[in-house]
Amino acid sequence: MDARGGRLDAVAAATCVGRGAAAPAAAVGYGGDPDLKKVYHPGDLWPLTLTRAQRITATALSDVIIPADSISPSASSVGVVEFLDEWVSAPYPRQQQDRPVILEGLVWINAEAARRFDKQFAALNELQQRAICDDICYAEKVKT
Numbered sequence: 008m009d010a011r012g013g014r015l016d017a018v019a020a021a022t023c024v025g026r027g028a029a030a031p032a033a034a035v036g037y038g039g040d041p042d043l044k045k046v047y048h049p050g051d052l053w054p055l056t057l058t059r060a061q062r063i064t065a066t067a068l069s070d071v072i073i074p075a076d077s078i079s080p081s082a083s084s085v086g087v088v089e090f091l092d093e094w095v096s097a098p099y100p101r102q103q104q105d106r107p108v109i110l111e112g113l114v115w116i117n118a119e120a121a122r123r124f125d126k127q128f129a130a131l132n133e134l135q136q137r138a139i140c141d142d143i144c145y146a147e148k149v150k151t
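The sequence shown: position 104 = 111 (our numbering), numbered continuously.
Take the hints with a grain of salt, since some may be wrong.
[Unchecked claim] Label pairs and their computed distance ranges (CB to CB):
hint: 1; residue 1: R123; residue 2: H48; range: 16 to 24 angstroms
hint: 2; residue 1: P74; residue 2: Q104; range: 27 to 35 angstroms
hint: 3; residue 1: R137; residue 2: Y47; range: 28 to 36 angstroms
hint: 4; residue 1: C144; residue 2: W53; range: 25 to 33 angstroms
hint: 5; residue 1: I143; residue 2: P80; range: 19 to 27 angstroms
hint: 6; residue 1: R59; residue 2: P80; range: 21 to 29 angstroms
hint: 7; residue 1: C140; residue 2: G50; range: 22 to 30 angstroms
Hints in this document: simulated from the structure, not taken from any laboratory.
Glycine included, each C-beta is placed from N, C-alpha and C at the ideal position.
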């Protein structure tokens, strides 16, 4: 607990551990938190959630949001999909709250692509993908 009675954040907790204080409790069901000095690869710490089909959809969607251009790479080429998969797979409460939002969103975008264009989102051309994304990118303008 901090001076205001709140919980310590991760940085503060790590600082306390370094000074000999007890380590924070492990995530339930998975064991201890990862050793932050070790290099891990996707799936090393916990089972990954996204299926191959979900990864394909997430790749297409991330590249619509952040496409490659003349000065920067696409989102998928810098590991956004791998990060997303790790995030929704993590055993922590915040990530577990995000899991259904992401998974249901991937289902929805494929269903919308099928409804509009009779194809999965990843199989659409750029204009078709952008049409769907443009319709949902501002909450107040969402077409239902």
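Going down the list of hints, with the structure as the test:
At about 37 angstroms, the beta-carbon gap between R123 and H48 misses the expected band of 16 to 24 angstroms. A C-beta distance of roughly 29 angstroms is found between P74 and Q104, which places it inside the suggested range of 27 to 35 angstroms. Restraint check, R137 to Y47: a C-beta distance of roughly 35 angstroms satisfies the suggested window 28 to 36 angstroms. Between C144 and W53 the C-beta distance comes to about 31 angstroms, which sits within the given range of 25 to 33 angstroms.
Here the CB-CB span from I143 to P80 is close to 24 angstroms, well matched to the stated 19 to 27 angstroms. Separation of R59 from P80 is about 22 angstroms and conforms to the stated range, judged on CB atoms against 21 to 29 angstroms. Our hint of 22 to 30 angstroms for C140 and G50 holds, since their Cβ atoms are close to 29 angstroms apart.
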